[in-house]
Amino acid sequence: MAEATLGQIAARFGLVLQGDPDIRVSGVATLRDAASDTVTFLANPRYRRYLAQTKAAAVVVDQASARDCTVAALIAKNPYATYARIAAWLHPEPVAAPGIHPTAVVDPSARIAASAHVGPHVVIEAGVELGERVVIGAGSVLGSGACIGADTRLAARVTLYRRVQIGQRCILHSGAVLGADGFGIAQDVDGWVKVPQLGSVIVGDDVEIGANTTIDRGAIDDTVIGNDVKLDNQIQIAHNVRIGAHTAIAGCVGISGSTTIGSRCMIGGAVGIAGHLEVGDDVVILGLTLVSRSLTKPGIYSSSVPAMEAGVWRRVVARLRHLDGMFDRVRALEGRHKNSDPEHS
Amino acid sequence: MAEATLGQIAARFGLVLQGDPDIRVSGVATLRDAASDTVTFLANPRYRRYLAQTKAAAVVVDQASARDCTVAALIAKNPYATYARIAAWLHPEPVAAPGIHPTAVVDPSARIAASAHVGPHVVIEAGVELGERVVIGAGSVLGSGACIGADTRLAARVTLYRRVQIGQRCILHSGAVLGADGFGIAQDVDGWVKVPQLGSVIVGDDVEIGANTTIDRGAIDDTVIGNDVKLDNQIQIAHNVRIGAHTAIAGCVGISGSTTIGSRCMIGGAVGIAGHLEVGDDVVILGLTLVSRSLTKPGIYSSSVPAMEAGVWRRVVARLRHLDGMFDRVRALEGRHKNSDPEHS
Amino acid sequence: MAEATLGQIAARFGLVLQGDPDIRVSGVATLRDAASDTVTFLANPRYRRYLAQTKAAAVVVDQASARDCTVAALIAKNPYATYARIAAWLHPEPVAAPGIHPTAVVDPSARIAASAHVGPHVVIEAGVELGERVVIGAGSVLGSGACIGADTRLAARVTLYRRVQIGQRCILHSGAVLGADGFGIAQDVDGWVKVPQLGSVIVGDDVEIGANTTIDRGAIDDTVIGNDVKLDNQIQIAHNVRIGAHTAIAGCVGISGSTTIGSRCMIGGAVGIAGHLEVGDDVVILGLTLVSRSLTKPGIYSSSVPAMEAGVWRRVVARLRHLDGMFDRVRALEGRHKNSDPEHS
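Residue numbers (our numbering), protein chains in the order written: chain A, 1 to 345; chain B, 1 to 345; chain C, 1 to 345.
Just chain A, with the same shape it has in the complex (with noise of 0.2 Å):
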């Protein structure tokens, strides 16, 4: 943990500084319940109520609510993100040692960068590259031809399979699975034929993958996951996909094989998406929905119900059958009223 002025604090991150600049900080905490020695945000609305009670130092919040500050304000445009700056600053990751542990078994053939580090019974197979500055995870395994940039960070127990290529400054979690074999399976008279899976997955720079995430390699060409593209756990993303620059997306998401997702769309808790589609740059996509069309148009697209008491939902999942016929039942009775009706005759 770091220690700064509210001052040093302003001037590093280029804020405007409503407040004592001599006051010192040691760390971050949240509005409701922050130390005096700490630094505090506000972006979600719905924390606003504790802002007037707030102990900390001081709040990182917009122009807007700094006249409701009663500490010291570090006013920012987006004081979500300087928040993050912040308390990346304050509380910077430890840095793991270059090396190699002892018990790592690594073939001689891999190329393994000096200040890279190596953990305890790591596997690291013949042709593996690692960048500058690369932390292996214990327990991990990467395949042969593994290819990781300057930077990234595997956790504890992850898995590439061969020849998978990581970006520079990635973070893999714990049981993050790269380069499996995607699903590919032929039918035929007496069963399943495996359809050989021969591409790889390719990852861009600045990408986080969640704890147990999978990702297929591709079945001829590769499975591609672009820059910044932010992956939380569980997520399971099928052979050839493609998802673009700066996209997002929340824990226990499928996605079927070949679809293409595109940039800076923002996808929900466990959507379902289909194979072989298109989804277009900006697409935002609410939790628990089933994509099974692409959706070329930027826009905010749904399709989950929410809870109901279960009684009421009983009774409607009943009548949802007769959906169609209730149609008919009503065009039917529009029709009658065309011919009684004296405005319509």
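Treat the hints as calculated values from the structure; they're not laboratory data. Please note: incorrect hints may appear among the correct ones.
Note that identical chains are pooled: a pair holds if it fits in a single copy or bridges any two copies.
Unchecked claim - In silico SDA-like pairs for lysine to any residue, Cα to Cα no more than 20 Å straight-line: (1) 194 with 12; (2) 338 with 328; (3) 338 with 326; (4) 297 with 321; (5) 55 with 18; (6) 338 with 327.
Given chain A, work out where chains B and C should sit, using these hints.
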């Protein structure tokens, strides 16, 4: 496997025995397939039809079903829970021998009870604490400062990130990942800024966590799992979620950030719960439901549609798009009736 | 990578060749991006538009499409399955060298075929049996008494709990967990009682199991996966489920306890199937469907709604709550017509 007489079982578990106390049993079985030296049980009424033909030595049943028992009956208020206790007694878990496997990599600053078992290829970082009789399965990785209470067992290949705390008598299954970074990202003009995840995960006593389930560390405060919470496989719990005591959650559920779940809730499979919500005590949510608003009243909630023949369902979906207009059309019809119907004029 | 002439391929796979048998190929490619020394295929009609411009040496096609082929055609009844076999022949899997890596921890009572490969940091407990040419990927853990048939391959970081049985020629991908305790808990007055999970998992021959998929052991009887079952990534199969031969299940599906799935079923992504149900043979279930009743008739089933523009969908959802009342209102309108309409009087 232990062996016991029905009389011993009745005495040990406080049951009324209807039958010969000297009959010996050596294990448990299903009603349908029981051999003559086993105990079975009847709890789910759908298996009642097997009661008359069972070959078991005895059946754990409630008072009402005891008279239909053609073999010995062990009469219990709660046959399923009583069966569970008898089964655990007749089939005790193998005890793991105390000691640290020579292939485990253990930081010298870790404090490990002499009665604890640390399996092969385990990695234990600085400052970790393991209580009495803790079992750490092969290949597990415990980050610096992780702390595990007495009698807790981790299966093979579990990850605890730094500072995660687990209570006593917990069971964590293989592939579980606790304490990975929450999905905290702030949008800025040229992409995403990572929000440091500085909290931890605190798990109470008597908690079971299923295979490949993930629980993220808090952003600032901790993610908290209460006592006696039961989590099935492949559940995703986001940062700063809090789950109350005795709540049980089935597989594939996703709970988004900062949501609070009450005590004694039961949540069905593949439910999705949005972020920043409150789910009160004693709430039951049926499978595949989306929760996008707080549910503060105890009760049963649902929003999923059961499978129909696809042709029927396709027509329902086509009509759904026009449901809003349909309500308007019915209102229009009603208005005309008001005008034309003598009853309303 | 092997090399072959088109004539050799036609002979080996029993195909009619339309074109020069001496053309040499050394790999496979997509229709669109094929180089002149590759074989490609046309199976999905959506890629037909690329047939005329392909640069491939030959295309595997059905009889009907062969005449539109501007390059050589390898004519097959089932082009996709035939392509799969050719691709596997031209791109053979690397063979793992027999032997046990010195870092593997192997119990002396385990019986391991001399032709088997056991990777680095593998843990093999007492009584395990590995058949001929079995491959165990790095970091995998096989519990006591686990048994694996000939030619089965486990990728890195797979867990088999005690006594799990796997047939021949199976593929298990990284992060798969077989045999963790089923989610068996009995409610008692002061909390949950764990129900011992005493069965195991039995997997047939020719089964593929995707990355991070979990299959729980049975409570008393076993969980059973039939021959030639194909499971994608992140599937959750609960205790005592039985899946019939040749059934294929896409990613993120969850199947609850004691449900039986028939043979030759196809289950789409993220489907949820409740417990204690029967799904018959030859049932197809579309993605994101909830199955909460038994489906005994072959056919296609669905219950998911495709994404709409969120504003449109929000109005549909608001109306859904009132669907029950709407049916009553339409019935009332129909009743008035009966009374007032001359047609019905």
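For each hint, the structure was consulted:
1. 194 with 12: between (56 Å within a copy, 18 Å between copies)
2. 338 with 328: both (15 Å within a copy, 17 Å between copies)
3. 338 with 326: both (18 Å within a copy, 17 Å between copies)
4. 297 with 321: For residue 297 and residue 321, only the inter-copy Cα distance (18 Å) is at most 20 Å; the intra-copy one is 31 Å.
5. 55 with 18: within (16 Å within a copy, 67 Å between copies)
6. 338 with 327: This pair counts as both: shortest intra-copy Cα distance 17 Å, inter-copy 18 Å.
This entry satisfies every hint, going by the numbered hints stated previously.
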